[in-house]
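Engineer: Here's the letter readout for the chains.
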Amino acid sequence: MTMNRQETEQLIQEVLEVYPEATGKQRAKHLMANDPTIEKSSKCIVANKKALPGVMTARGCAYAGAKGVVWGPVKDVANISHGPVGCGQFSRAGRRNYITGHSGVNVFADMNFTSDFQEKDVVFGGDKKLAKLIAEIDTLFPLVKGITVQSECPIGLIGDDIEAVAKKSAKDIGKTVVPVRCEGFRGVSQSLGHHVANDSLRDWVLHNRDDDDSFESTPYDVAITGDYNIGGDAWSSRVLMEEIGLRVIAQWSGDGSMPEMQTTRHAKLNLLHCYRSMNYISRHLEEKYGIPYLEYNFFGPTQIATSLRKIASFFDETIQENAERAIARHQPTMEAIIAKYRPRLEGKRVMLFVGGLRPRHIIGAYEDLGMEIIGAGYEFAHNDDYDRTFKELQDGALIYDDATSFELEAFVERLKPDLIGSGIKEKYVFHKMGIPFRQMHSWDYSGPYHGYDGFAIFARDMDMTINNPCWKNMQAPWKQPMNAEAARAAA
Amino acid sequence: MPNVMLRNNAAGELVLYITKKDHEETVVSLEHAGPGAWGGEMQLSDGSRFYLEPFAQTPKLPLSVRVKRL
Chain A
1 MTMNRQETEQ LIQEVLEVYP EATGKQRAKH LMANDPTIEK SSKCIVANKK
51 ALPGVMTARG CAYAGAKGVV WGPVKDVANI SHGPVGCGQF SRAGRRNYIT
101 GHSGVNVFAD MNFTSDFQEK DVVFGGDKKL AKLIAEIDTL FPLVKGITVQ
151 SECPIGLIGD DIEAVAKKSA KDIGKTVVPV RCEGFRGVSQ SLGHHVANDS
201 LRDWVLHNRD DDDSFESTPY DVAITGDYNI GGDAWSSRVL MEEIGLRVIA
251 QWSGDGSMPE MQTTRHAKLN LLHCYRSMNY ISRHLEEKYG IPYLEYNFFG
301 PTQIATSLRK IASFFDETIQ ENAERAIARH QPTMEAIIAK YRPRLEGKRV
351 MLFVGGLRPR HIIGAYEDLG MEIIGAGYEF AHNDDYDRTF KELQDGALIY
401 DDATSFELEA FVERLKPDLI GSGIKEKYVF HKMGIPFRQM HSWDYSGPYH
451 GYDGFAIFAR DMDMTINNPC WKNMQAPWKQ PMNAEAARAA A
Chain B
1 MPNVMLRNNA AGELVLYITK KDHEETVVSL EHAGPGAWGG EMQLSDGSRF
51 YLEPFAQTPK LPLSVRVKRL
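Chains as they are written, first to last, in the numbering used here: chain A, 1 to 491; chain B, 1 to 70.
Check each hint, because a few of them may be wrong.
[Said to hold, decoys possible] When the alpha-carbon atoms are kept at most 27 angstroms apart in a straight line, the in silico DSS-like pairs for lysine-lysine are as follows: (1) B:K21 x A:K43; (2) A:K416 x A:K25; (3) B:K68 x A:K49; (4) A:K25 x B:K21; (5) A:K40 x B:K21; (6) B:K21 x A:K49; (7) A:K25 x A:K40; (8) B:K20 x A:K288; (9) A:K43 x B:K20; (10) A:K29 x A:K49; (11) A:K29 x B:K21; (12) B:K20 x A:K50; (13) A:K120 x A:K168; (14) A:K40 x B:K20; (15) A:K340 x B:K21; (16) B:K60 x A:K310.
I should point out that these hints are in silico values taken from the structure, not numbers from a laboratory.
Kindly generate the complete structure, drawing on both the sequences and the hints.
Structural biologist: Listed below in structure tokens is the structure:
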């Protein structure tokens, strides 16, 4: 059942009825029925606003955006979670951003460095402790390429001067030390953390090797930005770039490293996957080093082919021919996958509620499998993300910004989708409601989903989730309608 | 006096990006766009207006500048 715009508006009104008047009014601005003809979202949806008190939001904090998303995957730096021990511990190794290398030798991203704040540090300040900690890391792990100081809430509250400590320590140990002012209370969601982390890269890291020209660049150098290598995503994207003759000189930041980031300035084109979290640094790279950026989408064969052609159009004819050849080479495999899974998935209806990019990017992959997106929403998108979303979604689809857990459950009860793609906080709620669910932040312990290799895994995962026999056993045996055999036995 | 970045988008239009607000709008009119002077009053697609101290020559874009909100 596809809803038209009026029906969707009607549904939104009905769901909003339970709220107190003021809350309902505020929330109404975050919900809408899609109209693909709209170019500018600022008139019809409000985004990136503080969640209301009393509702359950799925959002994270600025620290999550900076330490967890942007800085976390950089493998050769030690990220200090500066503050109490919990933030670092609970954000460690949960995101499945894969890394090559040896822990403690050239990989430090899998460890938890924390200043473990105690009461006395809050009372007397933690700057001395931080300086000691940085020196200690340098002694224990001399191969570390840089150290970042990711502030947790108390640092901002007590007014510690981590910039001063970073400057002094950098001189003492002779390495890059980056203070990141990503206190959790800043901003309305993790989105500000992305911005803060991008700015810290701009101010403390990027320019450090500007006078070093030893890097030999080629006319085919590109950088992959905004790919965090979830389940190996960046690798399955990278092989495609290499197949069409481009050289990937940097990965930001999945399986990326400090030297890669500093040599990014030699790239000819900056390929931007996650616009939401890395557009800031892309804009800076364009202004300072003249590297244009290009948004691409590697979910599903249709989008991959479009993106590969778009990327190739920035280069000469050899690359363009290579791109055509690569697309043709993968075509039969993709057709076989679609032939196998499409009949099992055709017409299934999907609702998505993910971070700041995927609700629009993965639509193509679902459509390649004949599935239909009936609702999509972001936790922390801004209006420019919605500008890009309207075109991708079908007319009348439900759009929800920062949906509260009540709204999401109410929408699901009414729309009865065949699959929900959202995060771990939603997963078990919907499992208990008897609805197939995929955790689309970290691909539900699977992946990669990017690229041609990823699509094969994506199709298999969607099939094994939706067509899992367990969904037929959701009703207790004594509540099921009596079958013929049981009826005979009873008679 | 917001900090903004001026750049040309893929379609070749001039866009103004307000860094702090993370807000991007196309510039629909620019007072001085020709040779000799570049800048002045500009109107955005959402109706807001800004003033940019004119440059003597057309600057290389993208460019971070401070503009005055009108």
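Engineer: If a hint holds in the structure, say so; if it doesn't, say that too.
Structural biologist: Outcome of the hint check:
Restraint check for B:K21 and A:K43: the C-alpha separation of about 16 angstroms stays at or below 27 angstroms, so the hint holds. Among the hinted pairs, A:K416 with A:K25 is consistent with the structure: their alpha-carbon atoms are about 26 angstroms apart, no more than 27 angstroms. For the hint linking B:K68 to A:K49, the alpha-carbon distance of about 25 angstroms falls within 27 angstroms, and the restraint holds. Restraint check for A:K25 and B:K21: satisfied, since their Cα atoms lie roughly 23 angstroms apart, inside the 27 angstroms limit.
The suggested pairing of A:K40 with B:K21 holds, with an alpha-carbon distance near 16 angstroms, which does not exceed 27 angstroms. For the given pair, B:K21 sits about 11 angstroms from A:K49 by alpha-carbon distance, which is consistent with the 27 angstroms threshold. Taking the CA atoms of A:K25 and A:K40, the gap is about 22 angstroms. The hint holds against a cut of 27 angstroms. Using a Cα cut-off of 27 angstroms, the hinted pair B:K20 and A:K288 holds, with the two alpha carbons roughly 19 angstroms apart.
As the CA atoms of A:K43 and B:K20 are separated by approximately 20 angstroms, the hinted pair is consistent with the 27 angstroms bound. The suggested pairing of A:K29 with A:K49 holds, with an alpha-carbon distance near 10 angstroms, which does not exceed 27 angstroms. Using a Cα cut-off of 27 angstroms, the hinted pair A:K29 and B:K21 holds, with the two alpha carbons roughly 19 angstroms apart. Note on B:K20 and A:K50: the hinted pairing holds, with a Cα-Cα distance of about 16 angstroms set against a maximum of 27 angstroms.
Between A:K120 and A:K168, the direct Cα distance comes to roughly 23 angstroms. Compliance with the 27 angstroms bound is thereby established for this hinted pair. At most 27 angstroms may separate the alpha-carbon atoms for a hinted pair to count; A:K40 and B:K20 meet this at roughly 19 angstroms. Only pairs whose Cα atoms come within 27 angstroms are accepted, and A:K340 paired with B:K21 is rejected, the gap being roughly 47 angstroms. Restraint check: the Cα-Cα separation between B:K60 and A:K310 comes to about 25 angstroms, which is no more than 27 angstroms; the hinted pair holds.
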